[in-house]
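Engineer: Chain B: place on chain A using the hints.
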Amino acid sequence: MRKNRVAVTGMSAITPFGVGIEIAWEKLIKGHSCIRQIQAFETGNLKTKIAGEILGIDYNEHLSGLDIHNLDSCTILTLLTVKGLLENKDLGLTSGELREGGIIIGTGFGTICSKEENFIRVLAESKPMFPLIIPRAMDNAPASEAAIYLGLKGINQTIFTACSSGLNAIGNAYRLIKDGYENVMIAGGVDTSITKYNLEAWSKLRVVSTRNHDPTGASRPFSKGRDGFVLSDGAGFLLLENYDKAVERQVPIYAEIIGFGATCDAQHITAPSFQEQARAIMLALKEAEITADDVDYISAHGTATKLNDVIETKAIKAALGEKAYAIPISSLKSQIGHTIGAAGAIELIFTIQMMLNNTILPTINFEERDDECDLNYVPNKAIKVGQIRYAIKNSFGFGGNNASLAIKNPRL
Amino acid sequence: MKKNVKDALIQLIADTLKVDKNALLEASSLQDLGADSLAVLEVLAEIEDKFGISIPDEDINKIVNLHEAVAYVEKKLEIKDAG
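Residue numbers (the numbering used here), protein chains in the order written: chain A, 1 to 412; chain B, 1 to 83.
Just so you know, the hints here were simulated from the structure itself, not pulled from any lab data. For glycine and all other residues, C-beta sits at the position ideal for the given N, C-alpha and C. Do not take every clue at face value.
To be verified - Below are the DSBU-like pairs computed for lysine-lysine, each with C-alpha atoms no more than 30 Å apart in a straight line:
1. 47(A) with 76(B)
2. 204(A) with 76(B)
3. 196(A) with 306(A)
To be verified - Chain B residues, not near chain A, derived (Cβ > 10 Å throughout):
4. 8
5. 11
6. 15
7. 19
8. 33
9. 36
10. 45
11. 54
12. 71
13. 72
14. 74
15. 76
16. 81
Excised from the complex, chain A in its bound form (with noise of 0.2 Å):
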C-alpha cells in the first residue's frame, strides 16, 4: 500500500517568552533564559518559588467573541495557538479542506487549573461549586474547543503520555496522514500546570530545581550540578498535511516528518530505562530509512534532572553508536524551562527553526561537565551550521512513555 508523505505547514507556539515563535526564536539564539520568580501565587513554603510563567497577554482582546470565562486556562492557550497556526497567508488552505481535518492535543495535566480552582472553593471555602465544571474542566476540553473554533469534523483526540504527550499527538497525526486517513491534522501539545499544589507534588518527587536565587540559571541540562527541571507553561502546535497535496497548492514547506517510534519501558513508573529510549530513536531512524551518519541535530528531552539527563545520554549512545559522540545535542529546556505536555511539539517547532536557519541552538547554564554526561551538548552559544539535513526530536515521560521523531529538511 502507498504511503504518503506527511509534510509540516504551518507552526505555533506560545512561550513564557511571549506569543508567536520569532518573540521566542530571538531570544533563545541569544541563549536568554525566561524563568523568573513566580507571580502568579504566594510561594510561600515552596521548596521551589521559580517558574516559566506565562504573564501579561490579554486573552480578552485576542479571543475576542469568545466566552472564556467559562474556559480553562489550558483550552484558552490551546485556541490561541492555534489561532496563530492558521494566520499564514501563505497557507491557501481552504475552509473545506481545514474541516476535513483533525485535531490530537497532548498534556500532562490537562484542565488541572479548573479542578484545583474548583476543589478549593467546595473544600476550603465551602462555595458552592462551578456551574459549568463538567465542560470547562473534562481533560478533552481543549481539543474539544479547538474544533468548535476552527470547525474541525476529524479525528479528535487528547493524548496523555506526561512529558512525551505532545510529541506522541504529532507522532500519531503523522501516522493517520501517513497511512491515508487524513489529509491535514493539527497536532501539538499545551500545558498550563504552575499551581501551588502541581509545583508542591513535583517537589515531593525531588525531581524540580530549587535553584530560587538564580532563576535564569535554574534549569541546567547535562551540566554536573543540576538540581532538576524548572516548571514552564506553554503550547506548540503545528499543521501537519498529505505532503503532495501541500506541494500541489505550492504553500511553503518547513518540514518532513519521516520517521516515528515510540515505546513503553513497562518497567518503573517514574525511573527510566535507556533501552527503550534508544528502541524508541531506533525505530523512528527506521521508518525513515536514516541511519546515524544521516543525522546534524538531536534536540533532547534534557530536563535537567539527575537521572533523566545521564539515561537519555546512555539511550542516545545505544541508538546511535560512535556517532552520537559527533552529534550536536541540545536541551532546549535549559532556556524555556519544562512545558510538560507541550513540551515535544514546542521543542520540534524550534528544532524546525534551527533546520530553516542553519543554526543550532545551545544548551545554557552549562558549566561544568558530568562524566555520565559525555556528548556534544552544544553549551552555552548557539552556533551556524552548513545544514541540518536531519534531526531527532526526543520526548520521554513519566510512566516510561519514549517518542522519538525524525525529520527532514526540506531544501534536501
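Structural biologist: This is chain B only, laid out in the frame that chain A set:
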C-alpha cells in the same frame, strides 16, 4: 524527646511502607524492607511533614535506615529548637 522521635518514626515508616515494626528495627536499610526509590521519597516527605523539617537532597544518603533517620531527625529538631 528522643524516645518520642524514635517511636514516631517507627510508626511513620511502618505505616508508610506497610512493614512490621520489628522488621524495621532490624533492617539495615529501607531497601531491605522492599522500599524502592519512590517509597523512600514517600517516607522522606512524610518525615518532613510530620516533624516540620526540610531534608535537602544532599542529606538523603544520611537516612538509610531507622537508626539513621532517628539520629538525623533529632539533630534537625535540635537545630530548629535552638533557632
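Engineer: The structure should be examined with respect to each hint, and the outcome stated for every one.
Structural biologist: Quick rundown of the hints versus the structure:
1. The suggested pairing of residue 47(A) with residue 76(B) holds, with an alpha-carbon distance near 17 Å, which does not exceed 30 Å.
2. Straight-line distance between C-alpha atoms of residue 204(A) and residue 76(B) comes to about 19 Å, which keeps the hinted pair within the 30 Å bound.
3. In summary, the hint linking residue 196(A) to residue 306(A) is supported, as the alpha carbons are separated by about 23 Å, within the 30 Å threshold.
4. Separation of residue 8(B) from chain A is adequate, the least Cβ-Cβ distance of about 20 Å exceeding the 10 Å criterion.
5. Remark: the non-interface label on residue 11(B) is consistent with the geometry, its nearest Cβ contact in chain A lying 20 Å away (cut-off 10 Å).
6. Every beta carbon of chain A lies more than 10 Å from that of residue 15(B), the smallest distance being close to 17 Å; the non-interface claim holds.
7. A cut-off of 10 Å between C-beta atoms confirms that residue 19(B) is not in contact with chain A; the least separation is 20 Å.
8. A cut-off of 10 Å between C-beta atoms confirms that residue 33(B) is not in contact with chain A; the least separation is 18 Å.
9. Consistency note on residue 36(B): stated as away from chain A, yet its beta-carbon is not over 10 Å from all of that chain's, at 8 Å minimum.
10. A beta-carbon of chain A comes within 10 Å of the beta-carbon of residue 45(B); the shortest separation is about 5 Å.
11. Annotated as non-interface, residue 54(B) brings its C-beta within 10 Å of a C-beta of chain A; the closest such distance is 7 Å.
12. Consistency note on residue 71(B): stated as away from chain A, and its beta-carbon is indeed over 10 Å from all of that chain's, at 21 Å minimum.
13. Listed as a non-interface residue, residue 72(B) keeps its Cβ farther than 10 Å from every Cβ of chain A; the least gap is roughly 16 Å.
14. With a cut of 10 Å on Cβ distances, residue 74(B) stays outside the contact zone with chain A, its closest approach being about 22 Å.
15. The claim that residue 76(B) lies off the interface holds: its Cβ sits roughly 15 Å from the closest Cβ of chain A, which is beyond the 10 Å cut-off.
16. Once the 10 Å rule is applied to beta carbons, residue 81(B) is consistent with being away from chain A; the minimum gap is 19 Å.
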